[in-house]
Amino acid sequence: MAEVVLSGLSKSFGNKIAVADIDMRIDDGSFVVLLGPTGAGKTTTLRLISGLEKADAGTVSIKGRIVDHDTPAMRDVAMVFQQYSLYPHLTVRDNLAFPLRSPILKTPKKEIEEKIAQVAEVLRIKDKLDNRATELSGGEMQRVSIGRALVRDPTIYLMDEPLSSLDARLRADLRIELKRIQADLGATLLYVTHDQIEAMTMATHVGVLQDGRLVQFGSPRDVYERPNSIDVAGRLGLPRINILPADLFPATRGKGHRIGLRPEHIRFGDGQPALVKRIEHLGDQIRVHLEIEGHALVCLQPRLRSLSVGERIGVQPIDPLFFDENGNRRA
Amino acid sequence: MSHSITDATLRQKTIAGTLVILYASITMVPLLWIFMTGFKTPPDSISYPPKIVYQPSLEGYVNLFTTRTRVSPEKLAELPPPKNFAEEIVRNREMVIAGPSKFGERFLNSIIIGFGSTFLSIFLGTLAAYAFSRFSIPLADDLLFFILSTRMMPPIAVAIPIFLMYRQLGLSDTHLGMILLYTAVNISLAVWLLKGFIDEIPREYEEAALIDGYTRFQAFYKVVLPQAATGIASTAIFCLIFAWNEYAFAVLLTSGTAQTAPPFIPTIIGVGGLDWPAVAAGATLFLLPVMIFTVMLRKHLLRGITFGAVRK
Ligand SMILES: Nc1ncnc2c1ncn2[C@@H]1O[C@H](COP(=O)(O)OP(=O)(O)OP(=O)(O)O)[C@@H](O)[C@H]1O
Ligand SMILES: [Mg+2]
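Chains A and B supply the protein sequences, listed in that same order.
Count the first sequence with numbering that gives the first Met the number 0 and you get residues 0 to 330, in order.
Count the second sequence with numbering that gives the first Met the number 0 and you get residues 0 to 311, in order.
Treat the hints as calculated values from the structure; they're not laboratory data.
Be aware that a few hints might be false.
What follows is a set of in silico ranges between Cβ atoms, one per label pair, in the way DEER data are often shown [stated by the list, open to error]:
id : chain 1 : residue 1 : chain 2 : residue 2 : range
1  : A       : 125       : B       : 15        : 18 to 24 Å
2  : A       : 102       : B       : 198       : 23 to 29 Å
3  : A       : 134       : B       : 293       : 25 to 31 Å
4  : A       : 134       : B       : 138       : 38 to 44 Å
5  : A       : 134       : B       : 15        : 51 to 57 Å
No residue lacks a Cβ here, since even glycine has one placed at the ideal position from N, Cα and C.
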C-alpha cells in the first residue's frame, strides 16, 4: 500500500477535455471516493493513475516515485473496471488466479488456492468457481471482477462503480467488506460511485469532479456541510439539497443570491406558508414535497407531526447554506 | 408445448435438414465417384455401363506409388514368388515394380509448401492485424487498402515478372520460393480477415491483463490469441485451401524438387495409358489433408467468438 499523488494531471481526447489540471493526494491507507456527474472524468482519472492512459500534462507518483513512464504492470495497481471485463475463455477460478500468475507476482500454487478460496468466500462466488466467465449473471461477473482485484495486495485499488449492479443486500454487505479491507489491512482505495451511501459510509475523503476539474476534496462531512458550490452540494444528501432564492424568506433576504436547504435546515411551524403537494413513503423516511410561492421544496416529514396533501404549513430555514450569483458558497 | 420464438420448430428443422442433406448428396456424388474409382481395376474403371458394385482392388494405389516395367511371360515365370501384395497385383498385369514413383515426394512437397505458407501467412497476418486493430498507425487506411489491392487482379497476372524474378533470385523450383509466393498471395486475405476478428475483441480484456501484471505481448498471447482462435482457424483453412490447390504458379515455377501434387497428378495419365484408378487414388489422397485439417479445427470454427463477459 502506498500514497498516490496527482499533480497538474490533464488529459484531452481531441478537443474534449476529460481531466483538467487535477491535484490530489491520496494518503496511504485512505479511502477516497470520487463523485461527479457522468462524463466528469472519473474513469479517465483512474485510467491515468493505472497507466492505461497517458497524461497530456502533469504527473502521477506512487510511493513518492514518479511513474509516468511506467507500464501498468510496473505501477502495481489493481483496477475494477466500470465495464467489468472478465476473460471469457477462462473459468472464474482462472480469472481470479490470472493476476496471481502474472510474471511479476508468480505466486506459488498453494497460495493461489488459498487466496481464491478466501476471496470467493467474501464475494459469495464459491459455487461458481468452475463456471466459465460467460456463464455468469451480471452481478456475479461484477463480483468476480472485484475478486480479481482483491486477490492482490497492490499499491492502490482503483474501483470504478464496483457495486453498481448488485442487489441492495449484497451491496450493503460488500460495502462493509471493502471498508474492512481498508480499515484492517490498511489498503488504499480510490473509488468511483454515484451512490450517496457508499460515499458517506466508506470514504475517508471525498473528491468531487466536474467537467474534468476537482472542485472539492475533503472529508465526507466537510463536503456535505461545507460544499464549495451548488453543484457540489447536490452531490451528497438525500433528498437532494433544495436551492431557493434567498429573498424567499425574510431571515435570509440579502445574505446571498440563493440558499441551499437540506432537510435538517428546515423547521416547521412559523414562517413562510407552504403547500403540501405530495407525500412519498420510502419506508425508512417519509418525503414531503412542498411548494412555496411557486418553488418546489422537498423535505422529510417532521417527527411529531404527520402531514397530509393539501395542508398548509409554515416553513423556516435554520442555518442554510448561502450561495452567490455564480453558485459558489459564501462563507 | 411451449418453445422459444427464436428456436426453429420441428417442421422448420425437418425442411432445413432435408434440403441440406439433398444438397450435400448432390455435391458429394463426384467425390464419391473419385473415391470409388480409386479402388477399381483399370478395366472396371472404364467399363460401360459404369459399375457401381465391383470387386475392390488396390491396383490404383499400387500404380500411383510405383513405376513398373513390362516383362515377357517367360521371364515372369522365372522370377521368385512375389514378396508382397503390390508385386502380386503388378505381376497379374505382366509387369514388375521398377521403383517408387514421384508421387510421395510431390505429396510431401505439397504438405511442406501448403502448411508452411499457411503458417507464415497466419503468423504475419495475426501480428499485422493486431497492430492495425490496436495501434494508431500513420496512414493505416491507405496501408490496408494497399494490402487489399494486391488481390485485385488474379495472382497469375504477375506470373511473368515473378517467373523472371525467381529465376534471378534462384527461387525457382525451391520450397522457400513457393512458400514465399503463396504467403504473399494469402497475406492480404489473412490481414483483412483477422483484423475483422480482432476488432471484435474488446480492448478491455487486454487492459485488464496489463493491469494484472502482464506485458502487452503477454496480454496478446494469453488473452487476444485464445479469443481470436475462431478467426485464426477459419483464416488458416482459407489460406491452406488456396496454397494446396494452386495450380498455375506450381506449373510455371516448379518442375522437380519443389513440384507440388496438383501439377503432378495429371502427369500420371500419361504414364502407361489412361490409368484412371491411379489418378483417382491420387486425387483421393490429395483431398485428405485439407479435410483432416478442417475437421481438426472444427471445434474452433463452431465454438464461435465468446462475447458477453464485458458489460456494454
Ligand atoms: N477514449 C476516449 N475517446 C474520446 N473521448 C473520451 C474517451 N474516454 C473518455 N472520453 C470523454 O472524456 C470525458 C470523461 O469521460 P469519463 O469516462 O472519464 O467520464 P466518467 O466521469 O467516468 O463518466 P461516467 O460516470 O458516465 O462513467 C467524457 O466526455 C468522455 O466522452
Ligand atoms: Mg466512468
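Checked hints:
For the pair residue 125/A and residue 15/B, the supplied restraint of 18 to 24 Å is violated, since their beta-carbon distance comes to about 43 Å. The beta-carbon spacing between residue 102/A and residue 198/B, approximately 28 Å, falls within the hinted interval of 23 to 29 Å. As the Cβ distance of residue 134/A to residue 293/B is approximately 28 Å, the hint placing it in 25 to 31 Å holds. Between residue 134/A and residue 138/B the beta carbon distance is about 43 Å. The supplied range of 38 to 44 Å therefore holds.
A hinted range of 51 to 57 Å is violated for the C-beta pair residue 134/A and residue 15/B, which are about 28 Å apart.
Hints 1, 5 from the earlier list are contradicted by this structure; the remaining hints agree with it.
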